[in-house]
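Could you put together the complete structure from these sequences and hints?
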Amino acid sequence: MKIFTCRNFLLSSIALFSLIHIGIATPPNPYNFYQYNPGHDQFLPRSDQSHSEFQHALQGCCDTRRTGVLQADGTEYVLGIKIDFPDQPGQRSNTDFDRYLFSDDGISLKTYYREVSYGKMNIESGPMEGVVPKGNQWVRAKKKMGYYGQGKINKNLYLELLVEACQGVDPFVDFSEYDRNDDGIVDHVFLIHAGDDEASTSTGTFGDNIWSILLRPVNRRFDGVLVESAIVVAEEPSFDHPHLGIYFHEFFHDFGAPDVYGSTMVDQRDHKWGLMGMFGPYQGDLVNGLGNGLNPSHIIGYLKWDFDANPDNGQLGWLEPITLKKNTPRLEVPNFELNDVMFKIDTSSKDEYFLIENRFRQSGAIYDRKLPESGILIWHVDETQVRPSYSIDAAGQIWLEDPNDPDHQDYQHITVGAAFSTDDNETSFTPSTKPSSSTEDGSATGISITNISQEGQIMTLDVWFGDTYEPNNNLSSAYKIELDQSYESFISATDDVDFYRIDVAGPKFIIIELSNIPDSLDYQLSLRNEEGFEIKQGERTGDTKLIGYRTKSERKIYVVVRPKHGFDQFNSYRLRVSNAESIPNSLVLDNVRVYPNPVYGLDRITFNYVIPSRNLQFAEKVDLEIYTIDKSLVYTDEHRDVIGSNRFEVSVNQFANGIYVYMIQVQKRAELVQKFGKFAVAR
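Residues 0 to 682 (numbering that gives the first Met the number 0) are what the sequence shown spells out, left to right.
List of simulated lysine-lysine pairs, DSS-like, C-alpha gap at most 30 angstroms: (1) K507 x K535; (2) K674 x K535; (3) K349 x K324; (4) K620 x K630; (5) K154 x K143; (6) K141 x K151; (7) K343 x K324; (8) K433 x K349; (9) K674 x K630; (10) K535 x K555; (11) K620 x K674; (12) K479 x K324; (13) K479 x K535; (14) K507 x K479; (15) K433 x K369; (16) K343 x K433; (17) K133 x K154; (18) K479 x K563; (19) K133 x K143; (20) K479 x K325; (21) K620 x K507.
Between beta-carbon pairs, the in silico distance windows are: (22) E538 x G505: 21 to 31 angstroms; (23) N424 x P470: 24 to 34 angstroms; (24) K479 x E538: 19 to 29 angstroms; (25) K479 x V660: 43 to 53 angstroms.
Just so you know, the hints here were simulated from the structure itself, not pulled from any lab data.
Bear in mind the structure is a predicted one, so any value in this text is a computation, not a measurement.
Note that the Cβ used here is the ideal one computed from N, Cα and C, for glycine as well.
See below:
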């Protein structure tokens with residue numbers, strides 16, 4: 000497959016690339032059907048009928064295709080034409096529309112495509128130096144707006160309106176000057192009609208408004224060149240500004256870009272994360288509950304790489320992903336808004352792979368500021384699912400791996416938590432996480448993305464193929480890990496042993512957790528010193544194995560995980576070492592049990608207790624005190640740095656028959672918890 004990039008063709012004498020386009024209309028504004036709940040960042044249906052009405056609005060809007068062009072020097076001429084109606088005079092001036100399309104700063108078609116293309120695309124107004132007719136003049140349509148806008152979408156009537164607009168400006172516009180590559184086709188036509196946009200205002204019924212759409216085929220000649228398609232958008236006088244995200248969305252269709260939102264919101268599509276998604280073109284501040292479309296999302300990386308999402312005709316776009324083929328610890332991923340960097344990880348099939356982007360709301364870019372959150376996006380692409388030639392939606396071949404909705408069932412949450420980061424405690428994507436790195440048919444890939452950092456301008460993560468962190472089978476090859484981060488790996492054979500190194504910086508109490516051990520298996524957790532001698536073994540607490548340890552003068556300590564009963568090369572365990580002293584949790588003493596009670600004939604009594612491991616609680620000191628019934632102290636003992644289950648075992652040979660009172664007291668800094676009870680000795 001031959002791959003083209005802007006970097007290649009800018010140096011080439013080739014004037015254009017042709018690509019097949021599946022033309023499509025703007026998605027209906029989902030804010031008209033779903034109510035935003037800011038407290039939970041959810042979208043709930045406005046009524047019992049809203050979801051079905053939304054489906055109805057979505058159907059039948061998208062069934063055309065076209066051939067697009069991309070200029071070799073990156074400069075795209077846009078011919079903007081205004082048309083109004085006898086019953087709907089235009090209200091905005093040319094100054095407004097010139098700003099919306101061609102302004103060098105602020106929110107405009109020009110600044111959007113300059114940013115998302117990383118400076119490779121330049122939008123210009125061409126010889127007319129702005130939208131036409133000039134000033135406050137509009138071409139006047141022959142009939143009322145309702146004639147053209149009746150029903151949902153009537154492309155024949157839209158075509159009639161377009162021809163009237165072109166005829167109205169033909170006396171003073173030379174259409175051939177908007178064919179920069181001399182292919183006989185006008186490059187881009189924006190038809191801006193007076194009145195509102197059906198897509199952004201419809202609530203399930205369809206009136207006189209006109210739906211924004213890429214209109215094709217047109218096949219009308221002016222000045223010897225063909226107007227083959229046109230972008231139809233609205234003035235939207237009912238709003239302070241038009242939903243400019245719609246302008247940007249339809250313009251990208253003119254380069255062959257498909258939609259990425261599927262036929263229903265209950266799916267795994269990109270929604271808020273991309274311009275071609277359901278919410279993407281409407282992103283911006285909420286005004287009366289509706290997104291104003293003035294800060295649309297960036298185009299997703301897959302479409303920046305391959306505009307038309309059709310691998311059969313090569314990749315044509317503004318970037319080429321960096322393919323990772325070997326284990327890559329601490330991979331740096333710069334923000335996607337200002338850097339043309341995206342990583343690709345192939346599965347065993349070249350047609351199915353993952354794409355990695357770092358989306359960051361505070362990148363300093365103009366756009367992407369209204370994303371649901373920041374973090375690493377992991378896109379799953381399966382190019383064997385390429386849409387049929389008549390389809391207009393690429394959603395079947397790309398979806399977003401969402402840790403908050405791994406089965407892609409909840410349209411209320413799909414847009415909220417899909418970004419991975421330490422901030423959300425979503426730091427791993429492996430064969431055993433949900434969602435997993437398996438292929439579409441459920442086959443394990445062995446691919447693991449772990450140790451995902453906090454959100455930021457540059458994020459880091461580890462990429463592994465097969466067993467992670469290898470080689471780390473002995474003390475000298477131990478993999479260095481950091482406190483308060485999670486690491487996922489595999490035990491892939493009976494003799495597989497994983498060593499991890501912790502560089503100690505001063506005394507502190509650490510808690511080592513081994514969790515997510517595959518079902519029916521058992522792994523051993525242990526701690527060793529610099530010489531390799533075992534210091535401590537992990538104890539099971541529920542489904543987790545724990546070690547609590549106070550570091551002293553060591554420079555390094557080592558954590559070891561090995562198989563005890565069985566192994567699993569596809570399902571990972573999770574290891575985390577935490578600085579427990581930095582976690583402000585309330586101290587709890589639980590499950591105190593004394594046995595046997597009374598003591599008959601035995602010489603020992605046991606005091607069991609638990610410092611629950613949830614939330615990484617630990618006790619710096621645990622005291623046991625035993626008193627006679629007349630309050631005389633007869634026995635004391637203590638434990639230091641305790642987590643999980645523990646016990647005192649006390650010889651009763653020194654005790655006379657009688658009733659005794661015990662106190663177990665746990666302490667962490669200024670916190671103190673005590674429990675009292677009685678036991679009897681009767682021998």
